[in-house]
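**Student:** So the chains spell out like this:
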Amino acid sequence: MGGTCLDSTPEAPIHSRFASTMKEMNFHPARFLAQSIRLALATAFVLILSFSSQNLCAQDWFKTETSSGVSNIRIAVADFKAVSAADPQTVPLKRTFDTTLYSDLANAGIFDIVSKSLLPQTSPGAPAEINLAQWGAAPTSAAMVAFGALGVSGGRITASGFLFDAKNTQFPQVLAKQYSEDANEEMARQIAHRFADEIIFRLGGGVPGIAETKIYYIKMGGGNKEIWAMDYDGANQHEVTHLGTVSISPRISPDNSRIAFSSLGREGFQIRMYSLLLNRAVNFPSAGGTNLSPAWSPNGRDIAFSSSRSGDPEIWIADSNGGGFHRVTSFRGPDVSPVFNPKTGSQIAWISGRTGLPQLYIMDTDGSAVTRMTDGGYATSPSWSPNGQFLAFAWDRKYGPGAPGGQDLYVMEVATKRWIQLTHDIGRCDFPSWSPDGRHIVFANTPGGRAASTRIVSMLADGTGRRSLTEAGADMPNWSWK
Amino acid sequence: MNVSQARYRRAFAIAAVAVALSAVTGCHKKDKAVDPSTLGPMPAATAAPTATLTADPAAVDLGQSVVLNWRTQNASVVTIDGIGEVPANGTQTVSPSSSTNFHLTAKGDGGTTEANVRVTVRVPVAPTVPTDTGDMGSEAAFHQNVQDIFFDYDSYDLRPDAQTNAQTAATYLNAHSAIKLVIGGYCDERGSAEYNLALGENRANSAKTALVTAGVAASRIRVISYGKEKQFCTEQNESCWQQNRRAQFSMDR
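Residue numbers (this note's numbering), protein chains in the order written: chain V, 1 to 482; chain Z, 1001 to 1253.
Calculated directly from the structure, the hints in this document are not laboratory data.
No residue lacks a Cβ here, since even glycine has one placed at the ideal position from N, Cα and C.
Fair warning: there could be bad hints in the mix.
Stated by the list, open to error - Partial list, computed: chain Z residues near chain V (C-beta under 8 Å):
hint, residue
1, ASP1081
2, SER1192
3, TYR1195
4, ALA1198
5, SER1225
Unchecked claim - Once the Cα atoms are required to be at most 16 Å apart in a straight line, the calculated EDC-like pairs of lysine to aspartate or glutamate come out as:
hint, chain 1, residue 1, chain 2, residue 2
6, Z, LYS1180, V, GLU267
7, Z, LYS1230, V, GLU267
8, V, LYS116, V, ASP79
9, V, LYS417, V, ASP366
10, V, LYS482, V, GLU212
11, Z, LYS1180, Z, GLU1235
Make a model of the complete structure from these sequences and hints.
**Tutor:** Dropping the structure here:
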């Protein structure tokens, strides 16, 4: 990749799908769903690196897509119909549900969502009440319509949700779901997430949605750092650990049962383990030295981490209880931040300072086939995409004294080492973490330059759709595996 | 004291006379003779003094003040040791330099009553032993001879000035073999947190290696990396970053 310029030839013309509105849809309604799923399967979650043919080196801005060639499905999300307006909880809970459902679908990255101002006035609560032709016609022009009814009675919230194909007059129903839960804000959000995930699963190529996933992160306060958790959309932020020290690098296990992290104690930083089932820290033996940056293997059996127990910080692998540890790397210089290939579990990407400034490397889990991926600058914090094809990482390509430079997020295709830049001019970016569907990346952004201004931001994997999930004071996000 | 003793005797005499009178004038109780040890005579006219003494708070740090509060009854003279004669009821703020028992004596026609309260003063234990304690050497001498080592950015190699520092430190440490030390590895705020912790480990290890090479036993040295988690200086300029890029020595206690 010599220098700072991509020397590859243009692969495809720039697509401006994310910016443009939906083109005229002259497909056959009956075949629409199957066709879209087939297309999505063929191309979904593969970042097509689409390079402009002109002048790449000059500005380093180029367009990427999450599903090139497939039009986003235009979906209308009706406010649900209130069933029992008598209960005072109905109105606020329905508002929460409506807002959450709309937000989940709008942020899914696979829809062209119809603005609520373009929807028909009526809120259909059941299949018999919907005039599909009206929803399919301009200005709504929806291909899919999500609607339903929600009511609260006797402390229970009951919702029935439907997804209809607006162009299929004969058999429009794609999905029908019923939910019944305790009537509170949290459950109103949860059932909206579940319904959204059902829709995304049906229309998004059979890949489960992420509306029910969690993000674990670090919250700074009073000189300490504790581990916190939140829903994928930033709601429900709550503290997990109460250790009163500096804890960093939370990594959730693939089965969501344990958090591995590194915590400062009398003997320096050590790997620690917190059980979300027992709600307390559980034993993880330490064997001396500084122990950092744990990473779970995709089967949850092994943990790779950086340890200086033999002197120099190297990558080690232990089983998830801390036993059977063995060293994987052996080269002078810091080795840190390992991450397994989540698809195969047989490769590790990590950061090594063996040649000076930290660079991104990959190797097999037995330490063989070491390959350097970056050609310079200061690269840190790798995250491997769920399909195993891409590495997201933080990179300051002009790092050095007197060159403050920007640390931005990049995605590299492992097979070709070709990369694209995801963030531009928003301040320091670090700690990218892929969502389980591979369509999103959450990361830490420091807009003010000072550590205290760091917050957690999520975006689509092509760098669009950026939104803040937390206030300042949050760092090191880690997206759950499911 | 003589005055109050005289008063006491007088009061006692009056009381004795009163008792004797009541006996003579036909009290039918079979009172024994007065037992002086009990201070038993309880003439209605002269009740014994009562006294209470409290301190708030009961425990303070050195330099803080305590409010003493006392209440007495039937006392004509109230004294507190170390303060002197005080009103029958009152408060006073005191700042004792060490833990003190405040002793109040209330004397009245009915006798003498005492009250005590203890104020605990927490005198901070000096974090360093200022005197030279044999082989350990003093904290000041330690820092004079064992100086922090600073590093170039993103480097854990010892610079020439650091080599000199390490030699001086090793000489001192070899002469004071009882000293154990902790080397903390620190980085400036730039760069990524996880990598900086590994780099800080390498910095502290470099310093340790230099000392070990110069003859200091490795078992005396403990290494902890703080990366950029504990910033020494928080401004965003090179001089501040340089202060943060260091291996810091401290005595391991």
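**Student:** Just to be careful: measuring from the Cβ of Z/TYR1195 to every Cβ in chain V, is the smallest value less than 8 Å?
**Tutor:** holds (5 Å)
**Student:** For the restraint on Z/SER1225, tell me whether the closest CB of chain V is nearer than 8 Å.
**Tutor:** holds (5 Å)
**Student:** Take the shortest C-beta to C-beta distance between Z/ASP1081 and chain V; is it under 8 Å?
**Tutor:** It is violated, given that the least Cβ distance between Z/ASP1081 and chain V is near 45 Å, above 8 Å.
**Student:** Holds or violated: V/LYS417 with V/ASP366, Cα cutoff 16 Å?
**Tutor:** Violated - the C-alpha atoms of V/ASP366 and V/LYS417 are around 22 Å apart, more than 16 Å.
**Student:** Hold the hint about Z/ALA1198 up to the distance rule: shortest CB distance to chain V must be less than 8 Å.
**Tutor:** holds (3 Å)
**Student:** Take a quick look at whether Z/LYS1230 and V/GLU267 sit within 16 Å of each other, Cα to Cα.
**Tutor:** holds (15 Å)
**Student:** Just to be careful, I want the Cα atoms of Z/LYS1180 and Z/GLU1235 compared with a cutoff of 16 Å; is the pair within it?
**Tutor:** violated (32 Å)
**Student:** Given the proposed pairing of V/LYS482 with V/GLU212, does the C-alpha separation stay at or below 16 Å?
**Tutor:** Roughly 8 Å between the alpha carbons, so the hint for V/LYS482 and V/GLU212 holds.
**Student:** Taking only the CA atoms, is the gap from Z/LYS1180 to V/GLU267 under or equal to 16 Å?
**Tutor:** Roughly 15 Å separates the two Cα atoms, so the pair holds.
**Student:** Return the status of the interface hint for Z/SER1192: holds when the least beta-carbon distance to chain V is below 8 Å, violated otherwise.
**Tutor:** holds (4 Å)
**Student:** Given the hinted pair V/LYS116 and V/ASP79, is their alpha-carbon gap at most 16 Å?
**Tutor:** holds (9 Å)
Hint compliance for this structure: hints 1, 9, 11 are not met, and every other hint is.
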